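Chemist: Put together the whole structure using the sequences plus the hints.
The listed protein sequences correspond, in order, to chains F and Y.
Note that the first sequence covers residues 10 to 237 in the working numbering.
Note that the second sequence covers residues 101 to 336 in the working numbering.
In short, the hints are calculated from the structure, not lab data.
Quantities reported herein were computed from a predicted structural model and do not represent experimental measurements.
The beta-carbon is built from N, C-alpha and C at its ideal position, and this holds for glycine as well.
It is possible that some hints are incorrect.
Pair ranges (Cβ atoms, derived) [said to hold, decoys possible]: (1) Y:Arg245 - F:Ser52: 33 to 39 angstroms; (2) Y:Arg244 - F:Leu146: 57 to 63 angstroms; (3) F:Gly170 - Y:Ala188: 35 to 41 angstroms; (4) Y:Leu240 - F:Arg203: 26 to 32 angstroms; (5) Y:Ala154 - F:Ser52: 45 to 51 angstroms.
Which chain F residues face chain Y? A few, computed with CB under 8 angstroms, are given here [unchecked claim]: (6) Val75; (7) Val84; (8) Ala106; (9) Ala211.
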Amino acid sequence: MTEFGVYLANQLVAGVQVTIILFVGCAVVGNLLAIPIALARLSNRRWLRYPAVAFILAFRGTPLLVQLYLCYFGVGQILAGVPSIRYSPLWPILRGADFYAFFTLSLNTAAYCGEIWRGAIQAIPEGQREAGQSLGLSKTRIMISVLLPQAFRLALPAIGGQNILLLKGTALASTITVFELMGAANLVRAQTFRVYEPLFAAALGYFLLAALITVGFEFFERRLARRY
Amino acid sequence: MSWTTLLGFGHQGWGDELLRGACLSLGISISAYLVGLALGLVGAVAKISRNRVAVSAAVAYTTIIRSVPDILIIFLVYYSATDALRWAVSLAGLTSEFQLNGFVAATLSLGIVQGGYSTEVLRGAIVAIPRGQVEAAYALGLTRRQTFFLVTVPQMVPLALPGLGNLWLVVLKESSLVSLIGFTELVLAGKMAAGATRDYFMFYCAIAFIFLVMSGISAMLFHALETATVRGGRKS
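Modeler: As structure tokens, this is what we get:
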């Protein structure tokens with residue numbers, strides 16, 4: 010391999026590792042947060058419902074890029090101005106871009122997946138809830154044992170698609186100086202003035218990662234379908 | 101300085117720059133949306149055609165667009181379009197110092213991304229039209245092209261509208277990405293304002309708010325459009 014090839018490969022491997030860590034972390038946190046958000050959004054209590062509506066509206070109505078900028082530059086600037094945070098042991102974490110990328114992407118995924126869960130929960134026939142009630146189950150029990158498992162099956166294809174969007178969203182972390190795959194490609198591009206090799210290699214990397222996620226979700230869907 | 105001054109329209113405020121950026125964002129979104137619809141229509145027709153080459157080309161296009169980050173596609177289109185045009189211009193013996201017009205470059209790159217998404221929406225709408233409609237049109241002696249534009253397209257619009265509304269919201273938000281290839285739309289205008297005044301939080305909040313208003317109004321418009329087309333369908 011040429012010197013350039015070795016350099017490119019090294020950079021991209023490092024970038025892929027960051028992309029995978031970022032993706033898995035945000036997928037876990039974002040997908041888990043989505044359920045309480047959907048439940049709050051469906052709640053009869055206004056103090057639960059209104060904040061959830063506002064949260065979903067804010068994250069779905071604005072570009073991810075702006076959310077990243079707002080968190081990293083905006084919130085970061087405000088936090089830097091608070092002495093108790095500036096001089097706390099947490100500051101090394103709150104200073105770096107990694108934390109803001111993780112934070113923003115997780116909340117963004119949570120908002121989109123929250124809406125998917127809401128739709129899935131609402132799509133379950135009312136009779137299921139009534140059947141649970143007639144069996145004397147508590148409201149929480151009905152939600153956990155009757156509604157959520159069925160909603161999960163309905164929501165899974167859409168959630169798979171949303172997680173592909175999350176993978177693509179991680180590429181934007183490069184705009185706030187996180188060196189994931191896209192950032193690595195941009196670095197090589199800027200340092201060697203070669204445009205196509207790094208960009209095509211990164212595209213191939215994302216393509217393979219997306220295929221992996223798709224296959225994973227399809228496997229999961231088949232497993233679930235078999236169980237019922 | 102207070103935020104009213106900073107967002108105001110005088111030469112101390114950045115309100116006029118942001119307003120101009122917002123208009124450019126809208127302009128880019130609209131033109132990319134139209135480019136995307138045209139590409140999507142071609143892609144959808146290719147996908148349901150019997151021509152194997154057309155089918156595989158369309159499948160490759162949508163698969164790539166849907167699994168590679170949009171910003172990567174935008175960069176690739178931007179550089180390759182610039183290179184291709186520079187090559188064409190130098191071939192014609194003109195100057196080699198050539199810069200692609202920012203608006204055209206942004207529209208093209210965003211439109212190609214958008215085309216991948218609209219292919220699926222439009223394909224779904226075409227497939228949902230009963231086969232008998234096309235057969236009836238052929239029986240009436242309409243050509244294939246006439247059938248497509250006079251029978252299929254008008255009927256698929258109401259079917260595609262919810263998907264088209266989502267696509268518009270997607271492209272409106274994605275237009276922020278063309279700030280990364282140096283086009284001064286709303287996000288880049290706001291970034292400059294934020295950098296100049298060091299008031300990052302306020303300016304990014306303002307940008308987010310403007311996007312929120314634009315997507316809110318769009319959602320209402322599409323909702324009205326949907327109810328209008330449904331009612332029109334029932335009347336006839």
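Chemist: Each hint: holds or not?
Modeler: Each hint tested on the structure:
no., hint, verdict
1, Y:Arg245 - F:Ser52: 33 to 39 angstroms, "violated, 53 angstroms"
2, Y:Arg244 - F:Leu146: 57 to 63 angstroms, "holds, 59 angstroms"
3, F:Gly170 - Y:Ala188: 35 to 41 angstroms, "holds, 38 angstroms"
4, Y:Leu240 - F:Arg203: 26 to 32 angstroms, "violated, 58 angstroms"
5, Y:Ala154 - F:Ser52: 45 to 51 angstroms, "holds, 50 angstroms"
6, Val75, "holds, 5 angstroms"
7, Val84, "holds, 7 angstroms"
8, Ala106, "violated, 14 angstroms"
9, Ala211, "holds, 6 angstroms"
Checked against the numbered hints listed earlier, the structure breaks hints 1, 4 and 8; every other hint is satisfied.
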